[in-house]
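In order, the protein sequences belong to chains B and L. Mind the numbering: the first sequence is residues 1 to 317 in our numbering, read in order. Mind the numbering: the second sequence is residues 1 to 293 in our numbering, read in order.
Treat the hints with care, as some may be off.
[Unchecked claim] Mimicking BS3-like on lysine-lysine, the simulated pairs with C-alpha atoms at most 25 angstroms apart in a straight line are:
| id | chain 1 | residue 1 | chain 2 | residue 2 |
| --- | --- | --- | --- | --- |
| 1 | L | Lys5 | L | Lys135 |
| 2 | B | Lys145 | B | Lys168 |
| 3 | B | Lys117 | L | Lys135 |
| 4 | L | Lys109 | B | Lys309 |
| 5 | L | Lys280 | B | Lys215 |
| 6 | B | Lys6 | B | Lys20 |
| 7 | B | Lys10 | L | Lys171 |
| 8 | B | Lys117 | L | Lys72 |
| 9 | L | Lys109 | B | Lys11 |
| 10 | B | Lys113 | L | Lys280 |
| 11 | B | Lys145 | B | Lys159 |
| 12 | B | Lys310 | L | Lys109 |
| 13 | L | Lys159 | L | Lys280 |
| 14 | B | Lys113 | L | Lys5 |
| 15 | L | Lys171 | L | Lys159 |
| 16 | B | Lys11 | L | Lys171 |
| 17 | L | Lys171 | B | Lys54 |
| 18 | B | Lys113 | B | Lys215 |
| 19 | L | Lys280 | L | Lys190 |
| 20 | B | Lys215 | B | Lys117 |
| 21 | L | Lys217 | B | Lys54 |
| 22 | L | Lys135 | L | Lys72 |
| 23 | B | Lys20 | L | Lys280 |
| 24 | L | Lys159 | L | Lys109 |
| 25 | L | Lys190 | L | Lys159 |
| 26 | L | Lys171 | L | Lys190 |
| 27 | B | Lys20 | L | Lys109 |
| 28 | B | Lys10 | B | Lys20 |
| 29 | B | Lys20 | L | Lys159 |
| 30 | B | Lys117 | L | Lys159 |
| 31 | L | Lys280 | L | Lys72 |
Since the hints were made in silico from the structure, they are not lab data.
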Amino acid sequence: MRRLTKQQAKKNMMSLWRDKQLILMAIPALAILILFNYVPMTGLVLAFKQFNFKDGLYGSSWNGLENFRFLFMSGDVFWRTTRNTVMYYVLLTATGTIASVMIAIGLNELVFKRSAKVMQSIMILPTFISYVAVTFVVSALLDYKNGMINAQITENGGKAINFYMQAKYWPLILTLVNLWKEAGYSSVLYLSVLTGIDQEMYEAAQIDGANAWQKLRYITIPMLTPMVTIMTLLSLGNIMNSNIGLFYRVTQNVGALYPTTQTLSSYVYGAISGGGGAVANYGISSAITLYQSVIGFIMVVVVNLIVRKKSPEHSLF
Amino acid sequence: MKKIKFGQIILYMVLLSFTVVCLLPVILVAVISFTSESSLGANGYSFFPEEWSTEAWVYVWGLRDRLFQAYKVTIAKVAIATVSQLLIESMLAYVLSRSNFLLRGLFTKLLLFTALFSGGLLSSYMINTSVYHLKDTFLILCIPGVSMMHVVMMRTYIKGTISDSVIESVKMDGASDIRTYAQIVLPLMKPSLAAVGFMTCVGNWNEWVKGDLYITKMELKPLQNYLMSIENYIASLNSEEMEAVAHLITDVKVPADSTRMALLFTVLGPIMIAYPFFQKYFVKGLTVGAVKG
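Take these sequences, add in the hints, and give me the full structure.
Structure, rendered in structure tokens:
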């Protein structure tokens, strides 16, 4: 038995020696992963420490679960940011999916194919505009003094709305910005599923006397359902993370908007960059990050189990 | 038959209006950049300004030294980060495509776990600044990432387009793995490289977090962050108490709104120009990535 394992080990060593160039080629990628993905994971110990700048990351003294206790007790900020994070996840995923599926079906049904192509190209364009630029564009529309929407309101005898001071408008604003930026892009994937549907199915339905609506209801939508399910399930892993471009930049990190715009990610970002509002407490921010990462991890693993049962070829691992 | 035609026209109009909505904000920004300041002051932003003007663009031209510096930093970091990321990811993809490689499973797991669990932005920030000392260095802007999605896309592409027997026979003829990768695999995976490359490139171009967190020196700021600092400057001037002060200090020249929008085009312009050329690769690449191998 021992001899066999020795032989096996020797064989393995030889095989590795044969593939030494493969190992060499993997080293740059592994080095990046270790230096910039794995080593930073150790930074999460900060969640259990009382951070001070003098002693640094590893030197600061431990304080057990104090940061978490503070987090849960501080109530307002923690629950509010968690609620916003989850609420926006649901809101943006639901509206985004519905819109991109509708766009994909629309583009697929359109008989003017050349126009459809041009439209698709233009719809994808906003994806490539940075959030820094989007912030400018949004302020061009919403600015209190000069914004185009307020110009329209005052022209029609209304009173200008100071959007950057009124939290209640922002769930709608951020949803629209997100749709504008992402819907065209996500529809590409659904459109690729639709173009892959066998046309004979539609012809057969035609012969059986199905109308356009029935074809949509009984062929197109069922064919799209698996992809929609998979994409939604996969996105669940990111339920606790939100786009800081959208929630930190576009809102311009205005304190008055926090009640409806501050998410866990934008809180942490605020703490790092020292922006107003968020208390620059690294220990607490680290506790929030750990909380995000652990829930995200559990979500991915659970979701992957479900996906693997439903359709193994789409599972992540 | 007539009814179907009618439905098509409705559909066309609906899709067209969304397309227009996608484009309008960009057009609005362009129009504002060509609007005269007095007309902005009187009517606010509008698609149909009373008076056109190029003064904003003249002002931007006046900033050309600063802008040129920001462009230099941005182009250098985008080029370095994108090329090195493509190289590193494609090499790993090739390694993971060799099915009889002993460490394939281990390397795959190492890659996968980074997609599942992350130390978060704060931990990275702490490590990068206090352990690696990368604050205010050009290097931090150039460091490539290794994305699981990209590697899986590339590996799928390699497995799908280059059969194992081709690679085996090349190696039988005495080619090493590095030569096989460089001379056979890399040229054949061009479409996949173009798709991933364009995404990475745009991502790097639009990236603003690193410049915001790590860079305080003005001469190292990429374009996005140069724009952000102008935006922040204006925001501070617009707050009421500052406005009162600004009136007192007469020599402070506040960049006009039209100027901000003109500056925006220095960031948007290159993407708008490059996009049509890469568009077809991009749609193709996205579709390929959806099919897992």
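inquiry  = Hinted pair, alpha-carbon criterion (25 angstroms max): Lys109 (chain L), Lys309 (chain B). Please report holds or violated.
reply    = holds, 21 angstroms
ask   = Within 25 angstroms, alpha carbon to alpha carbon, are Lys159 (chain L) and Lys109 (chain L)?
value = Answer holds: Lys159 (chain L) to Lys109 (chain L) is near 19 angstroms, not above 25 angstroms.
request  = Given the hint that Lys171 (chain L) pairs with Lys54 (chain B), test it: the Cα-Cα distance must not exceed 25 angstroms.
outcome  = violated, 56 angstroms
ask   = Do the alpha carbons of Lys20 (chain B) and Lys159 (chain L) lie within 25 angstroms of each other, as the hint requires?
value = Holds - the C-alpha atoms of Lys159 (chain L) and Lys20 (chain B) are around 21 angstroms apart, at most 25 angstroms.
inquiry  = Check whether the Cα positions of Lys117 (chain B) and Lys72 (chain L) lie no farther apart than 25 angstroms.
reply    = Judged against 25 angstroms, a Cα distance of about 35 angstroms means the pair is violated.
Given hint Lys159 (chain B) paired with Lys145 (chain B) - CA-CA distance at most 25 angstroms = holds, 11 angstroms
ask   = Lys217 (chain L) and Lys54 (chain B): Cα distance at most 25 angstroms?
value = OK: Lys217 (chain L) and Lys54 (chain B) at ~24 angstroms, within 25 angstroms.
query = Given the hinted pair Lys20 (chain B) and Lys109 (chain L), is their alpha-carbon gap at most 25 angstroms?
reply = holds, 19 angstroms
task = Would you mind confirming whether the straight-line C-alpha gap from Lys171 (chain L) to Lys159 (chain L) stays at or under 25 angstroms?
result = Cα-Cα ~16 angstroms, so holds.
request  = Below or equal to 25 angstroms on CA atoms is what counts here, so check Lys310 (chain B) against Lys109 (chain L).
outcome  = The given pair, whose Cα atoms are some 23 angstroms apart, holds under the 25 angstroms limit.
query = Lys10 (chain B) and Lys20 (chain B): Cα distance at most 25 angstroms?
reply = Distance of about 15 angstroms is within 25 angstroms: holds.
message = Just to be careful, I want the Cα atoms of Lys159 (chain L) and Lys280 (chain L) compared with a cutoff of 25 angstroms; is the pair within it?
response = Holds, at roughly 22 angstroms.
In the structure shown, a violation is registered for the earlier hints numbered 1, 3, 5, 8, 17, 23, 30, 31, in ascending order.
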